[in-house]
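There are 2 protein chains.
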Amino acid sequence: MTSAVNPDLERERKRATFNGEILTDFIYGGAHKKQRRRDIQNAVFSDPEYQTLKPWAFCSREDLYSNHLQKANMARRLQETLNITDQEEGFIIRQSLCSNEYFGLGVHGFMFIPTIQKLGTEDQKRKWLPLAKTLKVVGTYAQTELGHGTFLRGLETTATYDPETQEFVLNSPTITSMKYWPANLGKTVNCCVVMAKLVTQGKSHGIHSFVVSLRDLETHKTLPGIEVGDIGPKFGFNENDNGYLRFHHVRIPRDHMLMRYAKVAEDGTFTSATNEGTILTYGTMLFVRAMIVTGTSSTLAMACTIATRYAAVRRQTEVKPGGPEAQIMDYQTQQYKLFPLIATTYAFRFTGQRINDHYTTINSNIEKGNLENLPELHALTAGLKAFCTAVAADGVEVCRLACGGHGYSHASGLPKIYTSATVECTYEGENTVMYLQTARYLVKCYNMMKAKKTLPPTFSYITDKLSGKSDLDSKLNFNSIIEAYEHRAARLVKAAALNISFWMKAGKNPWESTNKSSIQLVWAAKACCHLFVVKTFINQVTSIDIDPNVKSALTVLCRLYAVNGMIENMGQFSLDGFLNETQINMLTRKLSDLLEEVRVNAVTLVDAFEFSDNELDSCLGRYDGQVYEALYKYAKSSPLNDTDVHSSFQKYLALLKYQGSKL
Amino acid sequence: MTSAVNPDLERERKRATFNGEILTDFIYGGAHKKQRRRDIQNAVFSDPEYQTLKPWAFCSREDLYSNHLQKANMARRLQETLNITDQEEGFIIRQSLCSNEYFGLGVHGFMFIPTIQKLGTEDQKRKWLPLAKTLKVVGTYAQTELGHGTFLRGLETTATYDPETQEFVLNSPTITSMKYWPANLGKTVNCCVVMAKLVTQGKSHGIHSFVVSLRDLETHKTLPGIEVGDIGPKFGFNENDNGYLRFHHVRIPRDHMLMRYAKVAEDGTFTSATNEGTILTYGTMLFVRAMIVTGTSSTLAMACTIATRYAAVRRQTEVKPGGPEAQIMDYQTQQYKLFPLIATTYAFRFTGQRINDHYTTINSNIEKGNLENLPELHALTAGLKAFCTAVAADGVEVCRLACGGHGYSHASGLPKIYTSATVECTYEGENTVMYLQTARYLVKCYNMMKAKKTLPPTFSYITDKLSGKSDLDSKLNFNSIIEAYEHRAARLVKAAALNISFWMKAGKNPWESTNKSSIQLVWAAKACCHLFVVKTFINQVTSIDIDPNVKSALTVLCRLYAVNGMIENMGQFSLDGFLNETQINMLTRKLSDLLEEVRVNAVTLVDAFEFSDNELDSCLGRYDGQVYEALYKYAKSSPLNDTDVHSSFQKYLALLKYQGSKL
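Going down the list, the sequences are from chains A and B.
Counting in our numbering, the first sequence runs from 1 upward without gaps.
Counting in our numbering, the second sequence runs from 664 upward without gaps.
Rather than coming from a laboratory, the hints here were simulated on the basis of the structure.
For glycine and all other residues, C-beta sits at the position ideal for the given N, C-alpha and C.
Mixed in with the good hints, there may be bad ones.
Straight-line distance between alpha carbons at most 20 Å, and here's what the computed EDC-like set of lysine to aspartate or glutamate pairs gives [unchecked claim]: (1) A:K651 with B:E712; (2) A:K590 with B:E1175; (3) B:K1314 with A:D63; (4) B:K1296 with A:E227; (5) A:K203 with A:E156; (6) B:K983 with A:E512; (7) B:K1128 with A:E581; (8) B:K1198 with B:E1039; (9) A:K33 with A:E89; (10) A:K337 with B:E712; (11) A:K469 with B:E1244.
Covered stretches of chain B, going by a simulated chain A footprint (3 or more residues, C-beta under 8 Å) [as the list claims (entries may be wrong)]: (12) 1291 to 1300; (13) 1309 to 1317.
Sequences are here, hints too, so could you generate the full structure?
Dropping the structure here:
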């Protein structure tokens, strides 16, 4: 393999108008953290065991499952060897080992342990946490059932208290009640927090949490009454043994119900919980969603890195007869595919940071019992989770398709990124459900506004006075841009709210009226999220204290993000004349100009994320741009090439040949 | 497995306002053909060998490759046993065996043989065709190179004539010149038509076709100088051994150049081809693109069948406290995802039929040497190929995501449909390149219009007089709809054409001027294709002679397709005021009404395609709606469940446990 960098890519790097290192420092929170990240990654990638791992694309499902446990082991070992205690640094190890893969036992650390910490009594924590932290007990969190997803009250698994023996009897009364999907449930965990419907003294008391042993701690064999297994191959994340679980009248001791809040006494008397439990659970949910938003930036940035570097080295079609073929990045259509997505990676990065900050503040208020801002944060994170995951997943596919035929090969790394990105549209709250939750809150705000109540700051732009005209001109003043996005969002909230009222007045019940408005509610929620992202991006690039060349490059990206969003949704911005035809035409020209402005910095803007070749795992996205040699090497390594004549030849092909055919 | 049909699904079928059988007859070209399709499928699915095939989702790459040859064998056998000679009926066998998979040796029949037929001399045909038809020789078609896709003149493989030995020397001078991607090239074929740059008497004469042997006809071993292999795992179609091929100075006899048109004499004298060869090649390309368009309808219809049936049986969230959970199909957001796509399947089916008819007419003209309509058909098929494949692939993902978490499992069948749909956006002409080809022709039409020349009928709406207002009202008159789509298309063509002129006047060269307008050119091409589909759909439902209830259901679908398209692109319809705010708001209400009108027939509209459960290979899309039992069965069959305790336990998990962890 040539070690030199492809000259096309080298030239791109030299052309940049700013120093990429400064941007990298900014992305990773300073020069020191950047260096730590590099050092840790180098330690991982130079580890002898790492070198022996079979390439992902050539792994069977068995290999993937086995590797993911091996990697969990390696992570533990490396963390020890490198003496890493910081959580963020531990995360770098996992990210390096398991880029776009499920990290083995992740659910144990992220869900099983925290649930016990949050919902367990002091006694229960003393019992379970040491076992969990030393991995004697390895657990998962089982909520979703085969027939039940988002709607918690629909869960069917029962936990019926038997005062005679002081036990709960866990049961799966129907096929739809079996737990389905929990991570690592199939083959890996020996324990589980189960969400089940509590029944005691003949009455049902809603959904509560129970710790249930599934496998023998020593032999790992399934315990009596437990039917558990892997749910089979999926679009992606095949290293994860997402599982199913049926209970056949399984008895657990009374103190396996997590009883920090709700309680069942020895005689079966139920004591209701305060709402604290729910609120704490909310906290975890908000935290996970905030984390997902930040994650979408990295995922999309990986795809952009691959597609942008490839667009610099791939050449196609001579510009002048007999002349050299053009870099595909010089085609406006290619720029239009990639550059708004590069802008989006930065937009989402800033958005993730901002809601994380938001979360930290509000969470400390929650812990103090101040719940005032919870609904606002909940509405915001629900919608942003949907908005960012959907845009990122679609964006990854745009990147993949922008790589032409080679984008379809696993050699590109892009299909793997897509399958790991798209699942985020579904888990932790299905996106349409998320938008509708946000929208419900927006309509509430609209009604508060009508009642002249003060609106929460994030949504203070909601109004029914929408008669103005935009003063947006070719200077692309940021305030005018924000005003246009606010106008669009407010208009769509108003339209959805009025539609609900219309149906209510027409005699429909609230469910029907809302349902008949839900297309418009989703539009409103999207517009509000989009506005939040645009505003955050603008605030960030105008307030940031950084090298002026970097600032200027980010400002161009920010303008591109905002302008592209207005073009993509031009109807929503212009329908009532707030933006007029002349302004939209001006934006179309500006879009073309901005793409040319980004062109010179495109490679450096993706380089700044400093994804290692190992993380990208892509022949097309290599730092050195030697894509063709890498593709050739990938092809030669294909297991089908282990023999010159494949074993199927004698079995089928020779048969076909000698029999002739009417094909 | 329960044999009864899920009552929710049964009720949906009973509710339909028309007889689905009539629609099925229509789709498959009459009651007789429908019955033949059923009979052939039954014969395939009841075949004992068919029953032994390993389920697709549980296959390794090796299994997939081997199975695809086995299936080719089975197809041959079944075709013989069932005494099938009709090509269309042969296709039903393959479709039944290889739903959404590559059909083994497909490229041999579709590309290798036809190329020899079209470009070979009589002598060459006498030599190769009997060998090819009896499968002594199995071939593929090698055009694309590692570094070269769409741009034919960029191909680097050389065929240099040596008059001394009267041979051509085939060579791959660079790494980028190796052939890459041809179907079945890696392990299966023993022969190949190679597109290579002809060099004779020291001069290069462009790209020509050569028949090259790759493997020994008896032993199947690679011949000297040939380096050939599989290119490795891909996003989908892993049963196909797409291959790479390098020539190391491989000599072939002079008469292995296909010489019906261009010729090289014994002394190396080159005789140029008339343009007939190119035209015939064009013919194949147009035929393939027309076939792709028709195919998008089936692919999308499969995804719609799965998602729609699932939406009828899946229930989520009680509508009234304590009441039953609603069928998810009753949610407007779900209807908005699925029903416009159901409409699209019908729209694309009619579109495919129409361009096939168009192709047949024009092709017979071409054979007679009348090339008048070729550019029009070429522009049309290029754009429609891009439009239909992109919409279908996106639509399949919408269906998959509409099935929530279970859509992510291979049990849903949807990931497989997606990976087979999305590749069509790239092969046989990358979509953006296709749109730009169409757009170039549209601009040509615009200039013809300016020069007062007659426009080809398909594009006669192109004009620069665009001052009117639409009279569209809530009656949704079809003529007003067509007029609105024509106005939008004409406006976008005009805008793109003017933008090119603007840059030309500003001193840019034609390439730059076109490149700087290419975003707008793509918009124009999409709008023209969209219009063609809408118009075709409207013409079909207004002229069709069929049972009035069926006609009425199709008419609702047609309106939904048109209205949804206007809403999705409202900016393009309303920016210049052709449609005004009131009209757009009316369309938004109509969208909601039309979704409710489709609701009652949704299941029957997808049932009418009569995809068998075997073709769909989906737990969610089963005809009987017993989705949960099927998912449970799928899970239990997962190979990871072959043992209770997985072999990785001792190797990694036990290790982790006993060492404890800082995870």
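20 Å limit on alpha-carbon distance, applied to hinted pair K33 (chain A) and E89 (chain A): OK: K33 (chain A) and E89 (chain A) at ~9 Å, within 20 Å.
Hint consistency between K983 (chain B) and E512 (chain A) [alpha-carbon to alpha-carbon, up to 20 Å]: 11 Å, holds
Proposed proximity, E1244 (chain B) with K469 (chain A) (alpha carbon, max 20 Å): 15 Å, holds
Chain A over the stretch 1309 to 1317 of chain B, status - at least 3 residues with CB closer than 8 Å: As far as the stretch 1309 to 1317 of chain B goes, the hint holds, because 8 residues have Cβ atoms under 8 Å from chain A.
Satisfaction of hint between D63 (chain A) and K1314 (chain B), Cα-Cα up to 20 Å: Distance of about 13 Å is within 20 Å: holds.
Given hint E227 (chain A) paired with K1296 (chain B) - CA-CA distance at most 20 Å: Answer holds: K1296 (chain B) to E227 (chain A) is near 13 Å, not above 20 Å.
Holds or violated: K203 (chain A) to E156 (chain A), with C-alpha atoms at most 20 Å apart: The hint holds at about 14 Å.
Given hint E1039 (chain B) paired with K1198 (chain B) - CA-CA distance at most 20 Å: 17 Å, holds
K337 (chain A) paired with E712 (chain B) [C-alpha distance capped at 20 Å]: Not OK: K337 (chain A) and E712 (chain B) at ~47 Å, beyond 20 Å, violated.
Given pair status - E581 (chain A), K1128 (chain B), alpha carbons within 20 Å: With Cα atoms ~17 Å apart, K1128 (chain B) and E581 (chain A) stay inside 20 Å; holds.
8 Å C-beta criterion, at least three residues: is the stretch 1291 to 1300 of chain B covered by chain A: Our answer is that it holds, as 8 residues pass the Cβ test (under 8 Å) against chain A, meeting three.
20 Å Cα cutoff - pair K590 (chain A), E1175 (chain B): Status holds; Cα separation ~17 Å.
Of the numbered hints listed earlier, the single one contradicted by the structure is hint 10.
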